[in-house]
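Required output: the full structure, derived from the provided sequences and hints.
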Amino acid sequence: MENRPRLKTGQIVNSKTVRYTLQRKLGDGRYGCVFEVLNDRKEVFAMKIEWKTTDRSDPRLGIEIAILRHIRQNTVSPHFIDYVDRASKPSYFFMVTSLVGANLETLAHDQDDGKFSHRTALGVGLQVLDALKDLHVLGYVHRDVRPRNLCIGVGDKTHNIFLMNFGCAAVYQKAKKIRKPRENVPVKGKTEFTSLSSHSKKEQSPKDDIESLIYTLVYLCNGLPWNASTAEDSIVSQKKKLREDGVTFFRMVHPPTMKNVLAYLDKLSFFDHVDHEFVKSAIMQVATEEKIQGVKCEFDWECGSTSSSMSVRTDEEINNLTRQSPATDSERVAFDKP
2 MENRPRLKTG
12 QIVNSKTVRY
22 TLQRKLGDGR
32 YGCVFEVLND
42 RKEVFAMKIE
52 WKTTDRSDPR
62 LGIEIAILRH
72 IRQNTVSPHF
82 IDYVDRASKP
92 SYFFMVTSLV
102 GANLETLAHD
112 QDDGKFSHRT
122 ALGVGLQVLD
132 ALKDLHVLGY
142 VHRDVRPRNL
152 CIGVGDKTHN
162 IFLMNFGCAA
172 VYQKAKKIRK
182 PRENVPVKGK
192 TEFTSLSSHS
202 KKEQSPKDDI
212 ESLIYTLVYL
222 CNGLPWNAST
232 AEDSIVSQKK
242 KLREDGVTFF
252 RMVHPPTMKN
262 VLAYLDKLSF
272 FDHVDHEFVK
282 SAIMQVATEE
292 KIQGVKCEFD
302 WECGSTSSSM
312 SVRTDEEINN
322 LTRQSPATDS
332 ERVAFDKP
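Just so it is clear: in the sequence shown, position 220 is 221 by our numbering, and no numbers are missing.
Check each hint, because a few of them may be wrong.
[Claimed, not checked] Straight-line C-alpha distance at most 20 Å; calculated EDC-like pairs for lysine to aspartate or glutamate: (1) Lys158 x Asp41; (2) Lys17 x Asp56; (3) Lys17 x Glu106; (4) Lys116 x Asp135; (5) Lys134 x Asp276; (6) Lys297 x Glu278; (7) Lys116 x Glu291.
[As the list claims (entries may be wrong)] The calculated label-pair distances, taken between Cβ atoms and stated as ranges, are: (8) Asp234 x Asp113: 28 to 36 Å; (9) Ala264 x Lys9: 37 to 45 Å; (10) Asn228 x His160: 22 to 30 Å; (11) Thr289 x Ser89: 47 to 55 Å; (12) Ala264 x Asn185: 41 to 49 Å; (13) Cys304 x Arg25: 22 to 30 Å; (14) Cys304 x Arg7: 35 to 43 Å; (15) Asn185 x Lys297: 27 to 35 Å.
If you are wondering where the hints come from, they were derived from the structure by calculation, not from laboratory data. Ideal Cβ positions, reconstructed from N, Cα and C, are used throughout, including at glycine.
In structure tokens, the structure reads:
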């Protein structure tokens, strides 16, 4: 491990224009850490720190910064955090953003049975779908949609879902021109939630984000029949099988409707645009068929004591602040580039 400074509570970290005081650490990992911080006006933010290492030639935070700034310049979507500040230090980079609450994996585990109600899962799905639509319209694919990258807000925003962590994201379309797909692309995201195309080392497009969202929804309310320790070949086999017989997999998430969504996604090519409204109508149809009411009403965590709790990230989560594989020229964004 390379020599790194010991950052601790009460320490001052300066950007070019603002002084931040480190408060409690929200997580620590191999490639970085996250602190809750205060500026001189006592405003609370999150500071994401990425260590400078010899085996990582370019900072992944630069990718997140570029995307977050682009988002805020072009949309007022409530499903993305606000980029606030950044700086480069001798041994690390950092970016400052608005603060969010716990991620959905943590919140699901806090439930009595480790799962959300189907009503909450579907409501989450509608919000994440809106976020993905906004992201796709701006020409990006997330490539790592999963419960740990979905967080609730704090204060009066606990009903709001935020799409987080753009370290795996990539440009899909620029100036209305879709990029040429590469061959033999390394798998992005977690194998439990990534798409079949990604397993096949194909370039991901918006349809793959939607497929990951489907696995996420099933995880939140039913649980997945595979996990992180399952061999990838087995996961791929099960994902293929559920397209033929998804009754057990989808259960109360109306299997016929969800199988139709997967069939629709499977027919799309890399260059095809996703009909987000079709997917949204399918989620609403699931609610109708299963007689689930109030999908846009109070979520499960809003009924309990965990609604405003801040999430403390695990080592694995912090490791995933940034991608471990090198960025390509088409993905690379200079850290100090405005």
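Which numbered conditions among the earlier hints are violated in the structure presented, ordered from lowest to highest? Those not satisfied are hints 1, 2, 3, 4, 9, 12, 15.
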